[in-house]
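Top to bottom, those sequences are chains A and B. For the record, in the first sequence the residue sitting at position 59 is 59 according to this note's numbering, with numbers rising by one throughout. For the record, in the second sequence the residue sitting at position 88 is 88 according to this note's numbering, with numbers rising by one throughout.
Read the hints as simulated data drawn from the structure, not as lab findings. It is possible that part of the hints are untrue.
[What the hints assert, rightly or not] Derived list of chain A stretches under chain B, where covered just means 3 residues or more per stretch with a C-beta under 8 Å from a C-beta of chain B:
| no. | segment |
| --- | --- |
| 1 | 12-23 |
| 2 | 80-92 |
| 3 | 109-115 |
| 4 | 156-167 |
[Unchecked claim] If you anchor each label on the Cβ, the simulated ranges turn out as follows:
| no. | chain 1 | residue 1 | chain 2 | residue 2 | range |
| --- | --- | --- | --- | --- | --- |
| 5 | B | P40 | A | G174 | 22 to 30 Å |
| 6 | B | G130 | A | E131 | 53 to 61 Å |
| 7 | B | P23 | A | A147 | 44 to 52 Å |
| 8 | B | R59 | A | W84 | 45 to 53 Å |
| 9 | A | N20 | B | V57 | 37 to 45 Å |
| 10 | B | R113 | A | E171 | 53 to 61 Å |
| 11 | A | D24 | B | V57 | 43 to 51 Å |
| 12 | B | D46 | A | E171 | 46 to 54 Å |
| 13 | A | R190 | B | R127 | 14 to 22 Å |
| 14 | A | E82 | B | F47 | 52 to 60 Å |
| 15 | A | S98 | B | A52 | 52 to 60 Å |
| 16 | A | S3 | B | G85 | 46 to 54 Å |
| 17 | B | G56 | A | E64 | 23 to 31 Å |
| 18 | B | P23 | A | P103 | 47 to 55 Å |
[Stated by the list, open to error] Part of the chain B face toward chain A, derived, beta carbon under 7 Å:
| no. | residue |
| --- | --- |
| 19 | M163 |
| 20 | L173 |
| 21 | P177 |
| 22 | L180 |
| 23 | V193 |
| 24 | R196 |
Note that CB positions come from ideal geometry on N, CA and C, so glycine has one too.
What follows is the residue order along each chain.
There are 2 protein chains.
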Amino acid sequence: MASTILYMSMSLDGFIAGPNDRPDNGLGDGGGRLHEWVFPDAEGGDFAAAEARLTGVNRQVYDEFMSTGAVVAGRGTFEPAEGWGGDHHDGVPIFILSRHAAPAWAADWPQVRYTSDLRAAMSDAKRAAGEKNVLVHGAGIAQRALAEGILDEIEIHLVPVLMGAGRPLFEHLGTEPRELERVRVLEGERGVVHLRYRVRR
Amino acid sequence: MASTILYMSMSLDGFIAGPNDRPDNGLGDGGGRLHEWVFPDAEGGDFAAAEARLTGVNRQVYDEFMSTGAVVAGRGTFEPAEGWGGDHHDGVPIFILSRHAAPAWAADWPQVRYTSDLRAAMSDAKRAAGEKNVLVHGAGIAQRALAEGILDEIEIHLVPVLMGAGRPLFEHLGTEPRELERVRVLEGERGVVHLRYRVRR
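If we strip away everything but chain A, and leave its shape as in the complex, we get (with noise of 0.2 Å):
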């Protein structure tokens, strides 16, 4: 059984992204040092170049998150990505969390589809990936996915930074605690830890 699984990279004071993160700043400011354990040189914005180059725990941890079945993230993470040309990887599906309908320039994207409702959501994701797990990415869906109690594991790339200031991951939580299980610690290159987590229910 497939397992939804959030991939995120965090700074050690637990933000995400920079300041001022909008759709045409989508890391915010300074947010691509967040990223940098995935794309260290990419500074010309060559992806696929710095991709290429990954060895090691990294690229074991990326290989990872790009051989899942299926993809879930906010609008906020999808749009500001120009949508990743329309397939994340693989060309598996592509389920956006939104209030509003997809975009004129994503609406005929065979593999993407809009939805308001991230418990459909998650559920025909996991159906559609089969054997394989879900990558799930985004702050705000990673706060529904854990109130709603629908998220199964969390995976944080834990980068050895202090941003200052930004947008946290984990807020509007509210004030249950959730226990956490680990499930495995990995060093990654570039001091990044890869932390896993399975939430208990």
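Given the structure of chain A, go ahead and fit chain B onto it with the hints provided.
Only chain B this time, still in chain A's reference frame:
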């Protein structure tokens, strides 16, 4: 040369105490969860017996911070803990940051010095510690020491729980990112991950 090392137990969502922390509720509501890796069976308050039973990695880390040569902490840490009876461990000097004078019950303790000068406290503590490290404790101290560039290392005991609310460790840091160097990662018992970083200058 001694290092100043911030030791803090923190939830994955960045809290070091539960909500409603006050002098008579020092850990905040439910905040005892964050310290179970040290005091797993201390419901009855028998901390000494709980400590004595510690083994493995958690024992190692506990022994490390209990063999430091001086302590620097905030009044908000010290006073709810009743000043550790005047002796945190081994009678080492204790520097308490506060804008107020020491309360009457702590005024005559020989190892305890109240001060409002963090920079002097840190350098006096280093001098007092000699070859040993300095244990730094408390969120407010951490934030000020980071801002002033006088914290050498950070050891986070990352507890596998999402608290949902409480007192964050890292806030008010400002918007200037601070780079860290990962020094050590230890997988402790009860799902705790001990993360050691050096603060880059």
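* **Violated hints - listed by number, lowest first** => 2, 3, 7, 10, 12, 13, 24
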